[in-house]
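Numbering (our numbering), first residue to last: 35 to 167.
In short, the hints are calculated from the structure, not lab data.
From a predicted model like this one, the values you see are computed outputs, not experimental measurements.
Note that CB positions come from ideal geometry on N, CA and C, so glycine has one too.
Do not take every clue at face value.
Here are the simulated distance ranges between beta carbons [unchecked claim]:
#1 Phe117 - Phe42: 33 to 41 Å
#2 Glu129 - Ile83: 24 to 32 Å
#3 Ile83 - Thr147: 20 to 28 Å
#4 Leu56 - Lys123: 26 to 34 Å
#5 Leu50 - Tyr70: 19 to 27 Å
#6 Trp38 - Trp126: 30 to 38 Å
#7 Glu43 - Trp82: 35 to 43 Å
#8 Trp82 - Tyr45: 31 to 39 Å
#9 Gly124 - Arg159: 43 to 51 Å
#10 Gly110 - Val53: 49 to 57 Å
#11 Gly110 - Thr77: 37 to 45 Å
#12 Met69 - Leu39: 17 to 25 Å
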Amino acid sequence: MIGWLGRFESYAYALLRIVAGLLFIFHGLQKVFGMYGVPVMPTMSLPWIGGVIELVGGGLIMVGLFAGIAAFIASGEMAYAYFTAHQPKGTWPVENGGELAALYAFIFLFIATRGSGIWSIDWLRGQGRRGRR
Numbered sequence: 035m036i037g038w039l040g041r042f043e044s045y046a047y048a049l050l051r052i053v054a055g056l057l058f059i060f061h062g063l064q065k066v067f068g069m070y071g072v073p074v075m076p077t078m079s080l081p082w083i084g085g086v087i088e089l090v091g092g093g094l095i096m097v098g099l100f101a102g103i104a105a106f107i108a109s110g111e112m113a114y115a116y117f118t119a120h121q122p123k124g125t126w127p128v129e130n131g132g133e134l135a136a137l138y139a140f141i142f143l144f145i146a147t148r149g150s151g152i153w154s155i156d157w158l159r160g161q162g163r164r165g166r167r
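Produce the entire structure from the sequences given, and follow the hints as far as they go.
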């Protein structure tokens, strides 16, 4: 990156991965355990399975363990959620309430292409050092 902030790019990416993973965990906690004002979803229903993906995937993304694979799966889940639950309600995400699903889908797609990066378990294991530092 050009400019004075470029030297902080790897740290900003790590923070993006950690915060996105943490926030994703909260969605899983809602669906699987009924936390934060949402009822528990029926076990083995699509929303419950989505919650498990959000819990496990969000945790893996946050700590940076197999984050690329977890993010790819999470991105697919969010794309599926957008097109099945949100898009039928309206054309644009601002109309159908799908902004968060769309944003998660693209953030996780970016993480899937980039991997765990610094401040991650993969980095400590020597697996996150490919590409940029």
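Checked hints:
In this structure, Phe117 and Phe42 meet the distance hint of 33 to 41 Å, their C-beta atoms being roughly 35 Å apart. The beta-carbon spacing between Glu129 and Ile83, approximately 27 Å, falls within the hinted interval of 24 to 32 Å. Ile83 and Thr147 have their C-beta atoms about 25 Å apart, which keeps the hinted 20 to 28 Å range intact. Checked against the hint of 26 to 34 Å, the C-beta distance between Leu56 and Lys123 comes to roughly 28 Å, which is consistent with it.
Checked against the hint of 19 to 27 Å, the pair Leu50 and Tyr70 passes, with Cβ atoms roughly 23 Å apart. The supplied range of 30 to 38 Å is met by Trp38 and Trp126, whose beta-carbon atoms lie about 36 Å from each other. Glu43 and Trp82 have their C-beta atoms about 37 Å apart, which keeps the hinted 35 to 43 Å range intact. Distance hint check for Trp82 and Tyr45: the Cβ-Cβ separation is about 36 Å, which falls inside the suggested range of 31 to 39 Å.
Our hint of 43 to 51 Å for Gly124 and Arg159 holds, since their Cβ atoms are close to 44 Å apart. The supplied range of 49 to 57 Å is broken by Gly110 and Val53, whose beta-carbon atoms lie about 21 Å from each other. Between Gly110 and Thr77 the Cβ separation comes to about 22 Å, which falls outside the hinted range of 37 to 45 Å. The hinted range of 17 to 25 Å is not satisfied by Met69 and Leu39, whose Cβ atoms lie roughly 36 Å apart.
In this structure, the hints that do not hold are numbers 10, 11 and 12, in rising order.
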